[in-house]
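Visitor: Below, each chain spelled out in residue letters.
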Amino acid sequence: MNGAALAALALAGLTLVKATPLIYAALGGVLSERSGVVNIGLEGIMIAGAFAAVVVSGATGSAIAGALAGIVAGALLAAILAYVATKLAVDQIVAGTGLNIAALAAAGFGLVVVYGQPGASREVPALGAAGSNVLIVLAFLAAIALQLALARTPWGLHVRACGEDPDAAESAGIDALRTRFWAVVIGGAIAALGGVYLSLAELDLYSDGMTAGRGFIALAAVIFGRWTPLGATGAALFFGFFAALQFTLQRAGVPSELLQALPYVAALVALGGFAGRVRAPAADGVPYVRS
Amino acid sequence: MTALLRTRAGRDVAVVLVAVFGVGSLAMLLARVSPVVGFGALFDGAFGTPEEIAETLVQTTNLLFPALGIAIAFRAGLFNIGAEGQLMLGGFAAGWLGAQFPLPGYLAIPMVLLGGAVAGGAWGAIPGFLRAKLGANEVISTLMLNFVATLLTTYLVTGPLAQTGGGSQETGTLPKAAQIPDMLADSRLTYAFVLALALAAVLWWVLKRTVFGYELRAAGEAPEAARRAGIDLGRTAFVAMTLSGAIAGLGGATIVAGVLHRFNTGLSPGYGFIAIAVALVGNLDPLWIVLAALGFGMLQSGGVAMQAEAGVPREVVSLVTGLVIIALAGRRAIVSRRTA
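Top line first, the protein sequences correspond to chains P and Z.
Numbering of the first sequence is given in the working numbering, commencing with residue 1 and proceeding in unit increments.
Numbering of the second sequence is given in the working numbering, commencing with residue 1 and proceeding in unit increments.
Each hint should be verified, as a subset may be incorrect.
Quick list of simulated restraints, FRET-style, between CB atoms [what the hints assert, rightly or not]:
hint, chain 1, residue 1, chain 2, residue 2, range
1, Z, Ala9, P, Val289, 20 to 26 Å
2, P, Gly253, Z, Pro269, 46 to 52 Å
3, P, Val17, Z, Pro160, 29 to 35 Å
4, Z, Ala222, P, Gly119, 44 to 50 Å
5, Z, Ala177, P, Gly3, 53 to 59 Å
For the record, the hints were derived by calculation from the structure and aren't laboratory data.
For each residue, glycine too, the CB sits at the ideal point set by N, CA and C.
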């Protein structure tokens with residue numbers, strides 16, 4: 001193979017690596033928003049997943065136990081948002097913002113308490129190359145499974161009904177609050193895998209700020225992907241490509257800050273160019289209060 | 001007591017107190033520090049000496065500007081999570097202009113502050129435009145712009161607009177004429193504090209007594225009715241976001257011109273995010289926000305002492321701040337969010 005083909009292959013591989021955490025987070029976001037709850041807390045959920053995975057992997061010596069703990073931590077954090085968004089009917093976006101701040105702080109606090117140092121954990125057993133590849137493949141399988149589940153199963157219909165018109169859903173006998181609650185919790189478990197990927201597959205430790213806004217880019221991917229799992233996966237690949245492109249262009253001497261800004265600018269431009277032409281689930285972000 | 005708890009304000013105060021003292025104590029116990037010692041160090045660090053009180057007021061000032069900006073946007077029905085980026089841009093513009101153009105005193109400070117406000121305003125105008133013209137959700141665009149702001153200012157200050165050599169992440173030092181005068185010797189407290197208080201009073205008046213303020217609130221509280229009454233919702237959103245960014249940018253400029261005397265990429269420990277909690281606790285009312293800023297300013301300045309003296313990680317303060325935001329998210333839902 002010649003040099004250009006090799007470079008293209010490397011870029012494609014890196015795109016997959018960079019896209020995988022975005023795919024998980026975006027799938028979590030899609031599920032949550034299709035049920036009618038905007039989950040700005042994806043970033044915090046990824047942080048929780050990444051941190052819990054490292055702590056448990058370090059304590060048990062098993063990266064798989066760590067990954068499972070990460071999923072549980074993400075689901076628990078999502079449950080907080082799910083509770084205040086359904087039972088208390090609060091402003092979901094404000095609550096999600098608080099969740100992000102609290103999760104980042106809790107992980108920073110945890111670093112000091114568990115490892116006795118701020119900034120980063122020590123290195124822990126990671127998932128290894130095989131485990132990383134499994135997580136990458138699993139992301140795509142999860143996207144297909146969620147696409148089918150939302151489109152073809154009774155549960156998917158219930159979730160979508162609650163996101164479009166919770167009143168009508170309730171009169172059809174669906175418990176809208178319960179459906180939303182579990183959609184957010186399961187979405188949190190999926191999104192947390194994105195954090196697990198960052199801390200146990202791409203690296204083997206947790207460091208402060210390692211999610212670097214991926215949860216927010218995932219939100220843009222949800223919109224860009226028109227609130228469908230496969231669409232969001234495509235958008236995550238698109239943003240992952242820009243994240244991977246930095247490393248290629250860096251070698252060409254483009255300043256690194258401008259390159260790091262690429263995925264965010266791409267998301268911003270996509271958002272501006274796309275926003276007027278897509279339609280969110282009708283009741284997305286609107287708290288449901290039983291009358 | 002129970003009667004007090006039945007009022008909304010009473011409940012809010014109770015929630016905030018539980019978050020601060022309940023969760024704070026729990027976290028301190030996890031860090032194996034007695035809450036008495038931990039909170040003792042915090043209060044002592046915030047109010048123990050005149051210098052420490054001055055530092056608390058410095059932190060109050062730094063939180064007050066972005067909180068006022070966030071409140072203005074919030075009242076118009078827009079959630080500006082981008083105050084952090086607007087503050088960074090404002091700080092950079094202030095630092096660069098101040099060090100680049102040595103003007104006499106009566107011009108230097110206005111130039112620096114105005115530059116900061118314009119830069120922050122421009123950064124706020126982007127999501128305002130995207131929202132008004134293209135219907136893009138301001139929440140995600142302001143979040144993205146925070147990251148871009150950090151990277152852009154780092155690029156500018158180390159690259160094309162560098163004033164100090166060696167890839168330093170700082171601008172040059174502001175000449176004396178461009179520095180906001182101190183209010184108290186041996187402290188970092190400057191007249192920026194007075195400026196922040198005056199701004200709060202002005203914004204209170206604008207919101208309450210002017211046509212512009214009325215339109216802003218109408219767009220936020222009842223967008224459909226406002227539109228029928230002839231209020232241009234797109235224009236209101238654009239103006240509110242620009243103003244919101246300008247206020248946060250002005251805050252960044254006062255940190256540069258008052259506290260640091262240069263721009264530094266580590267300018268803000270997250271003032272733009274903590275300010276969300278400040279704005280919510282202050283019920284989005286400029287005058288109450290002053291009190292809320294004092295409370296969070298205390299947590300900021302006392303948090304440093306709590307870590308140094310009692311060994312409690314400072315992150316406890318951010319943790320409590322995040323929980324306060326979650327707890328108060330129910331007080332005011334943004335009605336117009338879904339008009340986009």
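Visitor: Determine for every hint whether it applies to the structure shown.
Guide: Going through the hints against the structure:
Remark: the range hint 20 to 26 Å for Ala9 (chain Z) to Val289 (chain P) is upheld by a beta-carbon distance near 22 Å. For Gly253 (chain P) and Pro269 (chain Z), the hinted distance range of 46 to 52 Å is not satisfied, since their beta carbons lie about 33 Å from each other. In this structure the hint that Val17 (chain P) and Pro160 (chain Z) lie 29 to 35 Å apart at CB holds, the actual value being about 32 Å. Restraint check, Ala222 (chain Z) to Gly119 (chain P): a C-beta distance of roughly 48 Å satisfies the suggested window 44 to 50 Å.
The beta-carbon spacing between Ala177 (chain Z) and Gly3 (chain P), approximately 57 Å, falls within the hinted interval of 53 to 59 Å.
The earlier numbered hint that this structure contradicts is number 2, and it is the only one.
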